[in-house]
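K.L.:
Using the sequences provided together with the hints, build the complete structure.
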Amino acid sequence: MAEVDVDPITTLIPGIDSSQRHLGFVWGPGDLLAYETQYKPTGAQHAAQSCPFVHVVRKDEDIYSPILRKLFNESHHIFVGLQNMKDDVPSKNKKHQYVTHVSKNYRSVIRACMEELQRVAASDIIPRWFECMFIRQVSILLAVELIWNLCEVLFIEAAPAGSLLLHLLDWVRLHKADVDEKAQEVLQSECPAEHQAYWDVTVCYILQGRIDEARQILLKQASQQPAARVTFKLMDSLLMKMPIYNPGGTQTLTEFDVKWRRWHQECDRCLQDNSFASHPHLELICKILVGDEDTLLEQREHLSTWYHFLVTRLLYCHPTVKPTELHYYAQASMDMFLDGRSAPEPLDSILLAAFEFDIHQVIKDCSIALNNWWFVAHLTDLLDHCKLLQSHNLHFGSNLREFLLLEYASGLFTHHSLWQLAVDYFDHCPEFGRVYLELQIERVPLDTERKALKVLRICEQRQMAEQVRSICKIMAKKALRNNRLGSALSWSIRAKDAAFATLISERFLQDYCTHGTFSDLDLIDNLGSAMLLSDRLTFLGKYREFHKLYAEKQFAEAARLLLSLMTAKIAPRSFWMTLLTDALPLLEQKQVIFSADQTYELMHCLEELTTGKVAPETELSMQEDNIEATKIELLRLALARNLALAIVKEGTLEA
Amino acid sequence: MFVARSIAADHKDLIHDVSYDFHGRRMATCSSDQSVKVWDKSESGEWHCTASWKTHSGSVWRVTWAHPEFGQVLASCSFDRTAAVWEEIVGESNDKQRGQSHWIKRTTLVDSRTSVTDVKFAPKHMGLMLTTCSADGVVRIYEAPDVMNLSQWSLQHEISSKLSCSCISWNPSSSRAHPPMIAVGSDDSCVTYGGKVQIYEYNENTRKYAKAETLMTVTDPVHDLAFAPNLGRSFHVLAVATKDVRIFKLMPMRKETATSSGPTKFEVQIMAQFDHHNSQVWRVSWNITSTLLASSGDDGCVRLWKANYMDNWKCTGILKGDGSPVIGSSGQPVALSAAGGSSALASQNALNGVMAGRKKAQLMPG
Numbered sequence: 001m002a003e004v005d006v007d008p009i010t011t012l013i014p015g016i017d018s019s020q021r022h023l024g025f026v027w028g029p030g031d032l033l034a035y036e037t038q039y040k041p042t043g044a045q046h047a048a049q050s051c052p053f054v055h056v057v058r059k060d061e062d063i064y065s066p067i068l069r070k071l072f073n074e075s076h077h078i079f080v081g082l083q084n085m086k087d088d089v090p091s092k093n094k095k096h097q098y099v100t101h102v103s104k105n106y107r108s109v110i111r112a113c114m115e116e117l118q119r120v121a122a123s124d125i126i127p128r129w130f131e132c133m134f135i136r137q138v139s140i141l142l143a144v145e146l147i148w149n150l151c152e153v154l155f156i157e158a159a160p161a162g163s164l165l166l167h168l169l170d171w172v173r174l175h176k177a178d179v180d181e182k183a184q185e186v187l188q189s190e191c192p193a194e195h196q197a198y199w200d201v202t203v204c205y206i207l208q209g210r211i212d213e214a215r216q217i218l219l220k221q222a223s224q225q226p227a228a229r230v231t232f233k234l235m236d237s238l239l240m241k242m243p244i245y246n247p248g249g250t251q252t253l254t255e256f257d258v259k260w261r262r263w264h265q266e267c268d269r270c271l272q273d274n275s276f277a278s279h280p281h282l283e284l285i286c287k288i289l290v291g292d293e294d295t296l297l298e299q300r301e302h303l304s305t306w307y308h309f310l311v312t313r314l315l316y317c318h319p320t321v322k323p324t325e326l327h328y329y330a331q332a333s334m335d336m337f338l339d340g341r342s343a344p345e346p347l348d349s350i351l352l353a354a355f356e357f358d359i360h361q362v363i364k365d366c367s368i369a370l371n372n373w374w375f376v377a378h379l380t381d382l383l384d385h386c387k388l389l390q391s392h393n394l395h396f397g398s399n400l401r402e403f404l405l406l407e408y409a410s411g412l413f414t415h416h417s418l419w420q421l422a423v424d425y426f427d428h429c430p431e432f433g434r435v436y437l438e439l440q441i442e443r444v445p446l447d448t449e450r451k452a453l454k455v456l457r458i459c460e461q462r463q464m465a466e467q468v469r470s471i472c473k474i475m476a477k478k479a480l481r482n483n484r485l486g487s488a489l490s491w492s493i494r495a496k497d498a499a500f501a502t503l504i505s506e507r508f509l510q511d512y513c514t515h516g517t518f519s520d521l522d523l524i525d526n527l528g529s530a531m532l533l534s535d536r537l538t539f540l541g542k543y544r545e546f547h548k549l550y551a552e553k554q555f556a557e558a559a560r561l562l563l564s565l566m567t568a569k570i571a572p573r574s575f576w577m578t579l580l581t582d583a584l585p586l587l588e589q590k591q592v593i594f595s596a597d598q599t600y601e602l603m604h605c606l607e608e609l610t611t612g613k614v615a616p617e618t619e620l621s622m623q624e625d626n627i628e629a630t631k632i633e634l635l636r637l638a639l640a641r642n643l644a645l646a647i648v649k650e651g652t653l654e655a
Numbered sequence: 001m002f003v004a005r006s007i008a009a010d011h012k013d014l015i016h017d018v019s020y021d022f023h024g025r026r027m028a029t030c031s032s033d034q035s036v037k038v039w040d041k042s043e044s045g046e047w048h049c050t051a052s053w054k055t056h057s058g059s060v061w062r063v064t065w066a067h068p069e070f071g072q073v074l075a076s077c078s079f080d081r082t083a084a085v086w087e088e089i090v091g092e093s094n095d096k097q098r099g100q101s102h103w104i105k106r107t108t109l110v111d112s113r114t115s116v117t118d119v120k121f122a123p124k125h126m127g128l129m130l131t132t133c134s135a136d137g138v139v140r141i142y143e144a145p146d147v148m149n150l151s152q153w154s155l156q157h158e159i160s161s162k163l164s165c166s167c168i169s170w171n172p173s174s175s176r177a178h179p180p181m182i183a184v185g186s187d188d189s190c191v192t193y194g195g196k197v198q199i200y201e202y203n204e205n206t207r208k209y210a211k212a213e214t215l216m217t218v219t220d221p222v223h224d225l226a227f228a229p230n231l232g233r234s235f236h237v238l239a240v241a242t243k244d245v246r247i248f249k250l251m252p253m254r255k256e257t258a259t260s261s262g263p264t265k266f267e268v269q270i271m272a273q274f275d276h277h278n279s280q281v282w283r284v285s286w287n288i289t290s291t292l293l294a295s296s297g298d299d300g301c302v303r304l305w306k307a308n309y310m311d312n313w314k315c316t317g318i319l320k321g322d323g324s325p326v327i328g329s330s331g332q333p334v335a336l337s338a339a340g341g342s343s344a345l346a347s348q349n350a351l352n353g354v355m356a357g358r359k360k361a362q363l364m365p366g
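Chains as they are written, first to last, in the UniProt record's numbering: chain A, 1 to 655; chain B, 1 to 366.
A few of these clues could be false.
[Stated by the list, open to error] Label pairs and their calculated CB-CB ranges:
1) B/Pro145 with A/Glu557: 54 to 64 Å
2) A/Ala640 with B/Leu155: 51 to 61 Å
3) B/Gln152 with A/Ile647: 28 to 38 Å
[Said to hold, decoys possible] Examples of chain B residues lying across from chain A (beta carbon under 10 Å, computed):
4) Phe2
5) Leu14
6) Ser19
7) Gly24
8) Thr29
9) Ser174
10) Gly232
11) Asn278
12) Arg303
13) Leu319
[To be verified] DSS-like mimics (lysine-lysine), calculated; alpha carbons at most 25 Å apart, straight line:
14) B/Lys41 with A/Lys451
15) A/Lys454 with B/Lys41
16) B/Lys120 with A/Lys478
17) B/Lys120 with B/Lys211
18) A/Lys478 with A/Lys92
These aren't lab readings, by the way, just hints derived from the structure by calculation.
Every residue, glycine too, gets a C-beta built ideally from N, C-alpha and C.
P.N.:
Shown next as structure tokens:
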């Protein structure tokens, strides 16, 4: 495969003198930042910079075009449908039909997009200088559809000799629609036969093999020239007798060929006999019918492209052309048509490669010529489904289809909404899709909770545990920074990050100590099993439960829970004082809530707390200590009183 | 390619480094004016400077962001022989209204005796670890054991590379298949020591970093190096900026015995070498998917390199200053392109004129 070497394009950065300064850069999502700098680290102060700008450099990417977005969305839909096509489709024929159908779908999407672009370009919506961009875009899509259509005919439909030509004729006709416009004009005029474009239209019909329409239009002329009635009748009969291969019919290709040759000879005889000598236009038509090369070449203007010339030539010289013979004719036709007047363009080489059935060359040249991987990625994928691509052993051991899909999808990923389409493409790249997705999905900016949840859902569906954890951690950290404890807690739970959950629980508890209330009660009340993530979190949940029980006046339950928090060591030692203080109201109720045993336990806890206390060092801690001492006294008193009451109560019952 | 936007960076001296944060929504610039500026990108794509402060007492060479899992954290290194760690604190509400934020210094790392030439955070799966390298030839790896308290950093490892160091790069791969790996480049002009790129690997048993490989073929001063993102390959890819651009393939060779305690042996191959800059190459960097490599050289150009599906590398684009001076210092750029104004440049470059009769073909995108 010859390497088409293309020179890299230079993009100029304004304001920087490359002979004086270096160009610094950094990669960004979808762009490159460039700035003036100097890389020799001498440490000395430099002369002040002359270009104080940081430039954002981007690729000319179509993903930013709003109209093309529709193309990307709809082709994504088709792509996914194609991937999900069952391999156990009943017959090979059905599969073939389906793939052809998909190909036509893609093409209709391209056409729809093209029409939309044309419509917008023609309207007054967009400013003048934008218009040329739209027009450029339309011409690219036209080229894309042309190539796709040809690939469909040659590779997917894979028409054999006979129907091959018919398909090629359709192909040419589809892309030379201006004839119909002209024809309309002519036919709707007062006197069609005298319209200046009359013969142009007629000749174009002949060149495109639209025999019936040619006959119709010739009738108009015939009726105007009764004197030449015989000549016109002759032409009409020639045209009528022209054999057209019918693939569904009973006639074999050989039979058709014989018939066609006979007809061809008849046309030739007419020329030799000078039957049309009196009528130069009809003679021209007859020359075309015999496939006279020079005549055809003279019709350059009507043909306008070498591939039209090729198909016309085949129609009138060799309608039973075999697929394998195409490339001889193609190369020759291109050479003859261009005749050194202009060099072949990228489109020409691509079409030629298609006629040569060199799929890889087609894909390669398209990759080079187009600005976007969209076309080659989808076309290659489609061809791969027809099992038309041999797998090359590539870098990383992947294949061409996957390479192109990965490139396309990676390009989509930098777009703020199209990235979601990219996910499906990665899903269908068995070798590297997952690892590419893992790498890129982490970079999606988590601007809002909603977006973060969307990204998370995608990761969770694919069991990307590390990415899930990372995203949740980032969100938790962000929430914590902004003091949204509830949000931070729920994100850490989702991240299964015990350490962070502990940290946030501590903050909640600190807040409670300071303000006397909890924030985010809903969250804490509904922790459920998530509570078990970390000890501190468990404590937080249970502690809140205690408050709820107390509020509902379920004092006995509340008391039991409070005690268990200390005895089961769920509560951190630092919080015991608070808990004991919480016990005070329970101790001071009229009824006895804590049993004697429970009271002994509470006293024990208090003792544990108060032993080993260090003497205060500062004035402030002395003050705090005094408050502490008062609290402890109060507790001791309350506990003692409760113990007495409890013993009496229990003693009484026993009696 | 086209210039979509130009941001007036407003530094009083040359910018030495620009760094994007992980999500590409924030950027930090550092300069010889000893300050660092932080920029935020708005919804509409405009960049606003939200902080600007003096960070060092000498030129600031590099600035880098920590992974957002650790919060909003920056590290900078300077000619003043120090590296510093900065954290953004959520400011007062009126600050938020003015669009300003505050960064405070969490720590200064003063162990180096010479200019600190590079500072990089290790991959996040290793925890919050910061690495510096200096002209004194030492690579230092610091760790913050408590990620909630960024003022505590401990020096975990000191690697003496015997040569003046200019750059470091961590292998970003978090695969368990291989231990943490760091590449160190030297711009020492001394010729007796052969290879100017050294690869160190962490050994679980000794709990130390040991030299695994020296790239002996790189004998000229190295100015930058960059490991490519791993993407599930079994080998590592390292780009080196020296007198040319070189891309190395490092294939770990299987250890003889399961309990072999030495560092991994590598088979080193050169994947590509480009001397298009025709001069010293100062920076190399991979894009996020490691499909493109960019390099900056003495010729004042930035070149983009891409491998096609047959693994052939080619230059696919060049950025170059247009040589025009900027008019005035009022901050008005000469050629500020509006978002769509690229069409002028685009048509000049004769792109996509597939059907429009243009001769030049657009090159391989990517």
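K.L.:
Could you work out which earlier hints the structure fails to respect and list their numbers in ascending sequence?
P.N.:
1, 3, 11, 18
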